[in-house]
Amino acid sequence: MNLVVMLPSIGINYLAAVTIKRLLKRGDPGRRTASSLLLIGVAFNLLFLGYFKYKNFFLETTNELLGTDLPLAAVILPLGISFITFKQIAFLSDVRKGKIDFNVLDYLTFVFFFPQLIAGPIVHYGEVIPQFEQIKYRLDTRDIVVGICLLSIGLFKKTVLADGMAANVSPIFSATDQEETISFLAAWMGALAYTFQIYFDFSGYSDMALGLARLFGIRLPLNFDSPFKSSSIIEFWSRWHVTLTRFLTTYIYMPVMRHVSRWRRRFGLPILTNKSLTVGAFISLAMAPAVLTMFLSGVWHGAGFTFVLWGLLHGLYICINQAWRFWRPKWNRVSYESVMGPVGFLLTFGAVVIAIVFFRARSVAAAGRVLHAMFGLDGISLPITIMNRLGFIGHFLGSLGVTGNLSSGASFVISSLSLIALFVIATLGPNSLEILRDFDPAFHYPPTSTKSAIAPSDIIMKRGWRRALSFKLQLSPVWAFAVAVLFVLGSFGLNQVSQFLYWKF
Amino acid sequence: MLEPRFLAIFVTCVLLVASIFAGFNIAIDPYLLFDVARRPGLNAVKPAVASHEAMMKAYQSQRVRPRTVILGSSRADVGFDPASEVWPQEFRPVYNLSLVGSGTETGLRFLQHMLASNRNVDPPRTLIVGLDFEFFLVRPVAAAKDRQVPVETFDTSAKNGEERLAVLANGETNPDRSLGVWKDYLAGTLSLDAISDSLLTIFANQGWAIPSDIEINGHSSEGRYPHWVEGVGAAALFEQRDVITIRQYNCPHRGLSQTPGASIIELEPVRRLLDFAKSRGMTVFLVIEPSHAMHLDLLGYMGYWQDYENWKRALMATVESASAGGVDVSLWDFGGYEKYARERVPAVSDRSKRTLWFWDSVHSTTSLGDLMVKRMLSRSDGDVDYGARLTPESIERRLAQIRLDRQDYRTLQPDDALFVRNLFNAATKCRDG
Chain A
0 MNLVVMLPSI GINYLAAVTI KRLLKRGDPG RRTASSLLLI GVAFNLLFLG
50 YFKYKNFFLE TTNELLGTDL PLAAVILPLG ISFITFKQIA FLSDVRKGKI
100 DFNVLDYLTF VFFFPQLIAG PIVHYGEVIP QFEQIKYRLD TRDIVVGICL
150 LSIGLFKKTV LADGMAANVS PIFSATDQEE TISFLAAWMG ALAYTFQIYF
200 DFSGYSDMAL GLARLFGIRL PLNFDSPFKS SSIIEFWSRW HVTLTRFLTT
250 YIYMPVMRHV SRWRRRFGLP ILTNKSLTVG AFISLAMAPA VLTMFLSGVW
300 HGAGFTFVLW GLLHGLYICI NQAWRFWRPK WNRVSYESVM GPVGFLLTFG
350 AVVIAIVFFR ARSVAAAGRV LHAMFGLDGI SLPITIMNRL GFIGHFLGSL
400 GVTGNLSSGA SFVISSLSLI ALFVIATLGP NSLEILRDFD PAFHYPPTST
450 KSAIAPSDII MKRGWRRALS FKLQLSPVWA FAVAVLFVLG SFGLNQVSQF
500 LYWKF
Chain B
0 MLEPRFLAIF VTCVLLVASI FAGFNIAIDP YLLFDVARRP GLNAVKPAVA
50 SHEAMMKAYQ SQRVRPRTVI LGSSRADVGF DPASEVWPQE FRPVYNLSLV
100 GSGTETGLRF LQHMLASNRN VDPPRTLIVG LDFEFFLVRP VAAAKDRQVP
150 VETFDTSAKN GEERLAVLAN GETNPDRSLG VWKDYLAGTL SLDAISDSLL
200 TIFANQGWAI PSDIEINGHS SEGRYPHWVE GVGAAALFEQ RDVITIRQYN
250 CPHRGLSQTP GASIIELEPV RRLLDFAKSR GMTVFLVIEP SHAMHLDLLG
300 YMGYWQDYEN WKRALMATVE SASAGGVDVS LWDFGGYEKY ARERVPAVSD
350 RSKRTLWFWD SVHSTTSLGD LMVKRMLSRS DGDVDYGARL TPESIERRLA
400 QIRLDRQDYR TLQPDDALFV RNLFNAATKC RDG
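As they're listed, the protein sequences go chains A and B.
The first sequence begins at 0 in numbering that gives the first Met the number 0 and counts up by one.
The second sequence begins at 0 in numbering that gives the first Met the number 0 and counts up by one.
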């Protein structure tokens, strides 16, 4: 069914690409026509995506605003449509730039290569197809080792770590969906649990995609690089869903910035330079493209006002981050990193957790209720069994207004410890690609550095601990056993209801 | 040649580790799948019943040969103790096939399964069927286009693991059963849930976890309730249940049928159960489950009292019709304001006192269950002053008596009545009125 729905889009994109390629051979007039055809192709892809993903959202909104009774369409959302669509836009753009040569078989391989079909990475044609041409038609045991290691780590992250958090997420967000009030700690635990659920879900998926492709000898590009080690929101987006950020930067952020710069130059208005910076230039050249890009990122992630608000909030974060970069005190680099590294890390983590409430909540009102509780406006409560066990501390907390509730004390303790463990893994541990760094695990790895000079582990751990945590895969029996345990536990986790969160985007 | 060696060790370790986990889960048998001996201190207590009761009873019920079977929801699951001495000898052995969150539909499906799995032995002679008023409530449909909406049901076990049952609803052999059983075996050996439940089983048997348990006669033990009372106090358990009741049933307001005057949809499974019992020569005791006065008051405040009385009348009419058709059935009403239902709840701060008849507003203790069994199975009516058999002659008198008892309760225990009233008043009001 997915294939039937997607085939017209794939066929039209291929025809457009072939036509653009021919037009490019006809000199300047041909190039201009090719550019127009590219624009038409992009518009077609966006309309195609819009029909499947946003039709009902627009109908519902219209019904709500105008009081109409337009019937909702029974639209099937094809698996991975958002990713395939973006991949095709990038493909058309690369063809227009004259970067790639292609034939129909390579094109179909590019579109349907299954490991990255449903949730990325959003690859460029030139990153993948040349690798197919170099495949040795014999099993390469090194590729299989790397593939199995990535697959095992990814499976464990998804079914054990991410799915293990699900039970802490649903009750909180379901309660706010039903207009119930929740307390401060419950709200934070729900938001943090979802943060780590989606973190390990996407991280695990990305590892598995890389691992599956590597079994066939293909290296996919880096897509997830320990985003919670970031000390700024800009750095966060260079580590979270790397290929989406690259796509949005290449096809939205930079073109918008270039157009506005040209427009401002034409009218003699100042542009962004290191020497002079005006508020007008900042608003039009830094803020506007960032907000627009993140707004579109939000819309791309899902059809709903909660996703729009999530995107706008991240746009706002990026604006604040950029403003800080332009106007911050000019300390020397070492002093700056030692002070602002930890502050930036905490601010970034907190900002992501707050925004993610919109990402998970079913409605803006429900998100508002969670945030209301997270800011302590609905009181603080602890399981009454814990309050009783705390003795005089419990009484003291009671005198401060902390109340007891009837939730399970054991569950509260287990959930808290799980959250702490996941926080430590996400912020201090090495990621899969770092563990496999001697085995060339991904395309574009290691990344060109956008990272802060100081990592969370540098701040809180001694050098010996840091060295211990920077372990890497060795082809030893101990590592074979460790990977086998991860694989078995990850596979055992498949034997229960589970689903990737990121496939639906 | 390091890579081939690494891969060989990896594959060996995968097989080895998976086998060790599977062996561990089989030895502990947290879900009663393999009928492994229950050893005290290791796996005698089965706490996984809290999350896997339907699976566990589907397999446990195949291994028992009871003369009396109890069906119902968590109320019957906790309240009726098959090991109690009150059961007359001719009714023993007794097996409690009740399931948390299940109504008559699920009860019938599991009874069919149990009998189909024991084709070569005599079927049980007696059925005790607990009936929850709340499971008969459905959401009304406002507009014609909504009539296609499936009937909402509180019988949450109905779709839970149909594949594993021996027969289909129509009595034919379930062709998908092998697949369902293999899925259960896979879930019971090669899953994270099985590993964590095996560990939980060991912890509970060592006294490190709250001891939920399913006994060999199907009874869901009361062991966890005293722990909860000790932890939070009995009053908190009552309040929590009342809050859940308001949350579940207050909004939207429901009725016994989707449209006014239509038939009561959920009576159909009761009729089918009675037909099934007749075909197997069983005597049926339909039991209107007891509720604490707090719960009964809440039903009234939420606007359900008229429906509650009408439900009893409809049940009685169904029983009369079935009796006329040759079914050996009687209907017993324990849903009144008798002294047991008016039991005073200890003060909020008191964690040392336990209640005798109810654990919370809807779950009675086995002490009350024993009284109910005595009342129904005793040959003389005068033995126990609790509940009443409903007949066309007695029902209106009984309903009037309950209304009088309610007035007495509110007059004599004004604080208890006010507590629930305030709880209800504090709840969000329904938008649909």
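Worth flagging that the hints you see were computed from the coordinates, not collected in a lab.
Be aware that one or more of the hints could be misleading.
[What the hints assert, rightly or not] Using C-beta positions, here's what the derived DEER-type ranges look like:
1) H394/A - A26/B: 53 to 61 Å
2) R324/A - G22/B: 41 to 49 Å
3) E162/B - R324/A: 26 to 34 Å
4) H226/B - T140/A: 26 to 34 Å
5) N421/B - F325/A: 56 to 64 Å
6) L178/B - R466/A: 20 to 28 Å
7) L71/A - N421/B: 38 to 46 Å
8) H252/B - A364/A: 19 to 27 Å
9) A26/B - G349/A: 21 to 29 Å
10) G22/B - K98/A: 21 to 29 Å
11) A26/B - P476/A: 56 to 64 Å
Quick reminder that beta carbons are idealized off the backbone N, C-alpha and C, glycines included.
(request) Starting from the range 41 to 49 Å, see whether the pair R324/A and G22/B falls in it by beta-carbon distance. (result) violated, 58 Å
(message) Taking 38 to 46 Å as the stated bounds, is the beta-carbon spacing between L71/A and N421/B within them?
(response) For L71/A and N421/B the Cβ distance comes to about 42 Å; the hint holds.
(request) Could you tell me whether the CB distance from H226/B to T140/A stays inside 26 to 34 Å? (result) violated, 55 Å
(message) Taking 56 to 64 Å as the stated bounds, is the beta-carbon spacing between A26/B and P476/A within them?
(response) violated, 27 Å
(request) Could you see if the CB distance from G22/B to K98/A stays within 21 to 29 Å? (result) Taking Cβ atoms as reference, G22/B and K98/A lie about 57 Å apart, which means the hint is violated.
(message) I want to verify a distance hint. Is the separation of the beta carbons of N421/B and F325/A within 56 to 64 Å?
(response) holds, 58 Å
(message) Assuming the hint says 53 to 61 Å, is it satisfied by the Cβ distance from H394/A to A26/B or not?
(response) violated, 46 Å
(request) Mind checking the hinted window 21 to 29 Å against the Cβ distance between A26/B and G349/A? (result) violated, 46 Å
(message) Verify the CB-CB distance for E162/B and R324/A against the hinted window 26 to 34 Å.
(response) violated, 59 Å
(request) Could you see if the CB distance from H252/B to A364/A stays within 19 to 27 Å? (result) At roughly 23 Å between Cβ atoms, A364/A and H252/B fall inside 19 to 27 Å, so the hint holds.
(message) Verify the CB-CB distance for L178/B and R466/A against the hinted window 20 to 28 Å.
(response) Because 52 Å falls outside the window, the suggested range is violated.
In summary, the structure is inconsistent with hints 1, 2, 3, 4, 6, 9, 10, 11 from the numbered list given earlier, while agreeing with the others.
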